[in-house]
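Put together the whole structure using the sequences plus the hints.
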Amino acid sequence: MARLIRNTRQRAVSRAPARHLVVCQHDGRFDSTVEVAAISDLIQQKDQIVWVDLQNPRAEDLALLSDEFGFHPLAIEDATHPHERPKIDAYNGYYFLLFYALRYDAAQKRISSQQVSLFIGANYLVCIHQDPIAAIDETIRRWQRYEHDFGEDVAELLYHLLDTIVDEYFPILDALIERVEDVEAQIFDHFRPESLQEIFALKRELLLMRKIVASERDVLNVLIRREAPVYPRDMVAYFQDVYDHLIRITDSIDTYRDLLSSALDAFLSLQSNQLNEVVKTLTIASIILMSAALIAGVYGMNFEFMPELSWPWGYPFALGLMAAISLLLIAIFKRRGWL
Amino acid sequence: MARLIRNTRQRAVSRAPARHLVVCQHDGRFDSTVEVAAISDLIQQKDQIVWVDLQNPRAEDLALLSDEFGFHPLAIEDATHPHERPKIDAYNGYYFLLFYALRYDAAQKRISSQQVSLFIGANYLVCIHQDPIAAIDETIRRWQRYEHDFGEDVAELLYHLLDTIVDEYFPILDALIERVEDVEAQIFDHFRPESLQEIFALKRELLLMRKIVASERDVLNVLIRREAPVYPRDMVAYFQDVYDHLIRITDSIDTYRDLLSSALDAFLSLQSNQLNEVVKTLTIASIILMSAALIAGVYGMNFEFMPELSWPWGYPFALGLMAAISLLLIAIFKRRGWL
Amino acid sequence: MARLIRNTRQRAVSRAPARHLVVCQHDGRFDSTVEVAAISDLIQQKDQIVWVDLQNPRAEDLALLSDEFGFHPLAIEDATHPHERPKIDAYNGYYFLLFYALRYDAAQKRISSQQVSLFIGANYLVCIHQDPIAAIDETIRRWQRYEHDFGEDVAELLYHLLDTIVDEYFPILDALIERVEDVEAQIFDHFRPESLQEIFALKRELLLMRKIVASERDVLNVLIRREAPVYPRDMVAYFQDVYDHLIRITDSIDTYRDLLSSALDAFLSLQSNQLNEVVKTLTIASIILMSAALIAGVYGMNFEFMPELSWPWGYPFALGLMAAISLLLIAIFKRRGWL
Amino acid sequence: MARLIRNTRQRAVSRAPARHLVVCQHDGRFDSTVEVAAISDLIQQKDQIVWVDLQNPRAEDLALLSDEFGFHPLAIEDATHPHERPKIDAYNGYYFLLFYALRYDAAQKRISSQQVSLFIGANYLVCIHQDPIAAIDETIRRWQRYEHDFGEDVAELLYHLLDTIVDEYFPILDALIERVEDVEAQIFDHFRPESLQEIFALKRELLLMRKIVASERDVLNVLIRREAPVYPRDMVAYFQDVYDHLIRITDSIDTYRDLLSSALDAFLSLQSNQLNEVVKTLTIASIILMSAALIAGVYGMNFEFMPELSWPWGYPFALGLMAAISLLLIAIFKRRGWL
Amino acid sequence: MARLIRNTRQRAVSRAPARHLVVCQHDGRFDSTVEVAAISDLIQQKDQIVWVDLQNPRAEDLALLSDEFGFHPLAIEDATHPHERPKIDAYNGYYFLLFYALRYDAAQKRISSQQVSLFIGANYLVCIHQDPIAAIDETIRRWQRYEHDFGEDVAELLYHLLDTIVDEYFPILDALIERVEDVEAQIFDHFRPESLQEIFALKRELLLMRKIVASERDVLNVLIRREAPVYPRDMVAYFQDVYDHLIRITDSIDTYRDLLSSALDAFLSLQSNQLNEVVKTLTIASIILMSAALIAGVYGMNFEFMPELSWPWGYPFALGLMAAISLLLIAIFKRRGWL
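Residue numbers (the numbering used here), protein chains in the order written: chain A, 1 to 339; chain B, 1 to 339; chain C, 1 to 339; chain D, 1 to 339; chain E, 1 to 339.
Hints in this document: simulated from the structure, not taken from any laboratory. The hints are all genuine.
Listed below are several chain B residues computed to face chain C (Cβ distance under 7 Å; list not exhaustive):
| # | residue |
| --- | --- |
| 1 | D241 |
| 2 | S269 |
| 3 | N273 |
| 4 | N276 |
| 5 | K280 |
| 6 | T283 |
| 7 | I287 |
| 8 | M290 |
| 9 | L294 |
| 10 | N302 |
| 11 | F303 |
Where is the CB? At the ideal position from N, CA and C, for every residue including glycine.
Rendered as structure tokens:
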């Protein structure tokens with residue numbers, strides 16, 4: 001069983017290749033070969049929007065980045081260490097945002113998370129991450145295709161990126177919900193001890209997912225409430241939309257965690273019910289068999305003077321006595337409601 | 001077992017026919033044949049109140065609507081996607097409100113919810129929903145009949161609509177409460193394992209209903225507290241009234257959820273009690289029968305020198321011994337309080 | 001088992017006779033025959049204090065009342081419908097207050113509640129209720145007797161009424177507490193399955209009482225905190241006193257609910273302990289009896305060549321063997337701590 | 001089992017003798033024979049500090065007090081009725097404070113509480129209590145001995161009194177903690193059903209102690225936060241110190257209540273584990289003994305043609321068969337991990 | 001089992017030798033032999049930073065300290081008494097801070113805590129502790145080596161000290177997490193009753209650690225939020241970093257406590273499941289063996305007229321009957337799903 005929080009404080013050894021994609025919206029052209037060193041000049045031009053995407057960066061990339069943008073050393077450190085806790089920090093002139101893309105491994109039935117570190121300035125967006133992240137590629141692709149839909153604004157880029165990341169949570173949530181409902185149905189339809197392990201696995205996954213989504217919700221809340229010098233006021237409705245999605249997800253998770261707890265209670269009740277049934281069977285069968293055996297035992301005694309033994313109908317009488325007592329006991333158990 | 005939240009993110013395929021009822025209070029006449037395109041002119045007249053009711057709208061209806069009223073695209077999206085979470089958003093010049101009508105299927109013993117999306121402007125009210133909703137039809141009917149009771153105000157229309165929707169919650173709540181009390185009585189009166197399934201089904205329904213009602217309560221709270229430019233101040237008492245109803249419902253749900261939990265605890269205790277009883281029976285019967293069988297076994301031994309075997313009263317003596325030991329055991333168990 | 005919330009939304013059919021007592025403090029005279037229609041004149045005189053008590057009012061009484069005082073229709077509706085939720089609403093010029101008198105039926109061991117609706121104006125107090133309420137009669141009697149102690153103030157009248165109502169909660173609480181402590185003592189002293197039903201009945205009663213008292217506490221809090229134009233500032237200490245009583249009651253209820261939960265846990269543990277004891281008895285007795293029976297069985301075999309069978313001391317040897325094995329088993333069980 | 005809240009609303013019949021000690025710091029002299037009636041003159045002198053200690057006061061003492069100091073009737077009532085709830089009320093010119101001294105009866109293993117009512121004025125401190133309270137005597141003794149350490153300030157007197165009361169909580173807490181740890185160790189070391197009763201008794205005592213201490217913490221918080229006209233600003237650090245002690249106590253109580261809950265869970269698990277062990281023993285022994293008995297039964301059958309019966313080694317063969325089957329069964333149970 | 005809170009209110013008898021290290025940054029020289037009495041002169045020089053480290057101080061050391069720095073007596077008392085509760089108090093001109101270093105004893109599998117008391121002035125830092133604390137030595141060593149990295153600021157020294165202390169929490173947390181995951185895996189892979197004790201030990205350690213870390217988090221929060229005259233504004237990001245670490249630790253602890261609770265539930269379910277299995281085995285075996293024994297008993301009866309007894313195939317017939325009934329029973333149990 002792997003760790004829930006896999007990478008606390010140790011630098012994860014990532015096998016993804018380093019990629020240094022610099023995308024800048026300069027007269028409609030997207031350039032993935034811009035020199036890192038040229039960035040500081042680019043962002044001087046206030047009408048430029050620059051998106052820098054660093055995948056699995058080396059130390060020297062980070063150093064350059066730090067030089068070009070003047071990021072705070074603690075923010076750089078946060079960006080390159082795994083955290084498992086979304087957050088937003090306001091620095092002088094830019095925000096630092098930690099967000100998480102989620103991936104569901106249907107075979108292993110496990111969620112894994114990928115950290116995306118974002119530096120959000122007035123006219124730039126810097127993404128740092130270890131592994132390839134579908135939502136980033138998707139957002140860049142859509143930006144390139146529908147450029148004028150995205151407006152001229154970093155906030156809008158950010159909205160599209162976060163929205164794409166969060167949209168990918170829904171199918172994962174749906175997969176978990178389906179499993180919860182399967183396990184729930186299973187419990188009442190055909191009770192199997194294996195359901196227990198599934199309940200606990202689901203509890204674990206929902207707990208992991210909730211922890212990340214709830215923190216992201218708090219981050220979005222900060223983005224919405226704060227007097228933000230970084231994005232125009234009318235973007236609020238858009239971030240509110242992402243926020244609503246996150247609330248809906250945590251609400252659903254809470255509801256399904258409640259249902260899982262109910263399912264566990266039901267499982268335990270049914271288990272205990274089954275024990276009752278087994279013990280009842282044991283009790284009924286034991287009492288009947290022991291009573292019959294006692295009669296057999298009595299007529300197996302070796303006393304010289306046992307008149308029944310020489311009766312011609314002695315043997316059938318004994319068998320009949322056994323049957324009669326068994327029927328009597330069954331009647332008693334029926335009256336008690338045990339049968 | 002169907003989903004609690006049935007439609008998350010997928011567009012529900014509704015079979016209700018599209019209906020485009022435009023009702024406008026224009027010199028006391030209600031017109032269901034007004035052209036959609038004429039609405040923008042109507043709402044220019046400040047002394048008009050316009051109620052637009054769109055059932056199961058097509059994409060082109062929505063586009064027209066958006067053109068005529070200038071609604072925000074995100075609000076339109078919210079109005080046409082299923083959510084399971086009531087909310088209120090303030091836009092420039094209007095509110096967007098999500099509310100839910102509930103229906104109780106007495107045969108299936110399940111609650112289902114129907115989303116009502118409302119756009120509330122200074123002199124218009126736009127309802128969008130998929131299925132026919134009784135409360136809307138009822139409100140329109142009452143508006144038509146008692147027009148002057150409704151005043152000249154959108155807020156009053158809104159109050160009547162929300163009040164009608166919420167009033168329909170009470171019989172549903174009563175049906176659930178009756179089931180809770182039935183199951184509670186059942187547990188102590190005649191214990192049946194089936195009660196367990198009913199307890200969990202009720203927990204589920206109350207959870208679903210509470211989730212919706214509690215969010216609606218929050219929405220009403222916003223309506224009451226907020227400096228609302230949309231309705232006159234003296235409407236507050238009316239919305240307060242709906243708010244009170246919603247609080248009463250959530251309070252009752254919480255109380256009955258507490259009672260259900262108690263009932264489950266009682267069920268488990270009684271189940272465990274029953275196990276105790278069964279095991280006691282088993283123990284008492286086993287010990288008595290085994291003791292008697294041991295005596296029979298002893299006199300069934302084949303030793304040559306067993307004086308009792310040749311006693312004339314040996315056989316009755318053995319039977320008497322069995323009876324005596326049984327009575328002794330019964331006395332012991334009685335003293336222990338097991339009988 | 002009757003409903004916790006008996007009357008939600010249906011008008012209770014009350015059998016108490018209608019009574020229309022109008023009490024007014026007009027030059028020290030109490031008049032129960034004042035015409036309802038004369039009230040509006042009376043309350044014009046600012047130096048008058050008017051107490052109107054309507055028991056089980058008819059619709060026409062309410063209509064008159066509404067005309068004379070000009071109460072809001074929603075308040076009138078609240079006053080005549082059963083609610084089970086204390087509340088306070090500020091209207092223009094008066095407060096509307098819902099409070100509950102409690103009665104404990106010692107035979108049935110159940111609490112029942114009676115709604116008192118109060119309209120509190122600058123110089124009048126209107127009570128509406130269905131059944132006769134002891135606290136109201138008591139307060140009026142004391143007002144008549146010690147008139148000058150009550151001051152010249154509606155707030156003081158209100159304080160005396162609420163204080164009398166709340167004072168009647170204490171003996172009810174004491175009765176419940178006594179039952180909690182009885183059931184607690186019972187569990188450890190002489191365990192009986194009936195304790196379970198008593199625990200759940202008490203949980204139910206405490207839950208009901210807490211729900212009402214906690215809401216009344218919130219209502220008093222509003223009375224104390226709010227800038228109240230209706231009563232003079234120095235009354236705050238008095239209302240604070242009622243508030244303290246209510247807090248003390250909810251605190252006690254919470255403590256005793258905690259103790260009840262503990263008692264239930266204790267009950268279940270003892271029940272489970274008892275099962276352990278029974279099963280231990282079964283195990284010990286079975287093993288001993290079966291071992292002895294096995295020896296008897298062995299010497300009941302019919303082999304031709306069994307030397308022990310022809311020993312003169314064979315029979316005593318067999319019985320001695322049974323005794324020896326039984327003693328050995330008992331020693332083993334003692335060492336294990338089972339005996 | 002006595003009541004947790006012993007005296008709710010009934011005046012406790014105290015057997016402690018009435019004592020009317022009036023202590024005043026008048027030019028260094030402590031006078032316990034000052035006439036009550038002289039107090040009003042004393043407290044007029046602003047440079048005087050007066051400590052009035054009334055133990056088990058009679059009604060006329062209270063009346064005098066009320067006259068001399070002009071205390072509010074509700075405060076006087078609160079001071080002389082048992083409450084079980086610490087509180088602070090600000091009156092015009094003085095505070096009224098309810099605090100509780102605790103005493104631990106090591107033999108009975110029960111905590112009892114003693115109410116101390118304090119009126120705190122600018123230059124006086126009035127204590128009212130029923131039973132002798134060690135902390136009060138101790139504080140007065142220290143005041144007399146180290147007079148100049150106490151400063152010239154009522155707040156400092158108050159601090160010393162509260163500090164002495166709270167300091168006496170620590171040994172009580174330590175006694176409870178020791179019992180918690182004993183019971184915890186007991187559970188895992190040598191499981192005894194009696195632990196259960198001790199766990200519930202401890203839960204009860206911790207609950208009682210927490211209820212009082214937590215309310216006192218709130219009272220201190222009010223003393224620290226409030227703009228207090230009664231004591232100088234630099235006293236805050238001292239009251240903060242008492243507050244810290246109370247927080248430390250509630251924190252410890254919470255931690256140990258958590259540990260008690262864990263201990264209860266552990267107890268139940270071990271109890272259930274023990275049941276498993278017993279039932280396993282029963283199962284293993286039954287199956288082995290029944291199998292051997294079956295063989296004995298078979299060779300006890302009376303068929304004429306049973307070849308084994310006439311074998312010379314028939315009897316040893318039968319015994320060997322029993323042994324073989326027993327060993328086989330033991331091997332099977334070992335493989336299953338039951339032995 | 002030792003105490004969770006070992007030293008409440010009693011002075012711990014420490015065996016660590018007293019050490020009086022005075023470190024001062026005076027023209028780059030670190031001096032551990034500075035006279036205590038010279039400190040007051042040193043701290044007069046505003047450009048000096050003085051770090052005083054007192055290990056296991058004697059009463060006279062503390063008196064001197066108090067004289068030189070003028071610390072408040074309550075702060076001195078707090079510094080020398082064990083507390084188990086981190087806190088921060090603002091005094092006139094300095095902060096008093098209680099923090100805890102943690103140590104994990106891998107052999108005993110227990111966490112122990114060491115109190116560090118800090119007085120933080122404008123240009124001095126005084127540490128008081130009983131035992132040698134690695135983080136302090138480490139911080140001093142790094143300060144000496146990389147002096148100019150530390151800036152000229154007490155706040156930076158403080159940051160480095162707290163950061164070093166908190167960094168040592170992570171390996172301890174990792175050790176606990178590993179144990180949680182081991183015990184979790186154990187439960188489902190090879191169920192052993194010993195897991196129970198490990199679960200409760202872990203709960204205890206996590207509870208202890210959480211209590212300390214959560215209080216330290218609150219302390220850091222005060223440091224960040226408060227208008228702090230003691231350190232420059234740009235240090236906030238650094239303290240924020242320590243705060244984030246502490247939040248991450250408490251979050252992880254909470255998650256793992258949740259998982260432990262789940263693990264306990266799983267353990268209990270599996271235990272109960274095992275009981276079910278054992279009882280099923282008992283039931284099946286008993287019924288089969290008793291049925292066969294009954295047949296043997298019947299043919300062991302001594303009736304004169306039992307035709308089967310003289311059948312040549314009587315014996316095999318009896319054995320065959322036993323086998324047939326056993327197979328029938330097995331078939332029945334299979335159909336019931338018990339086998």
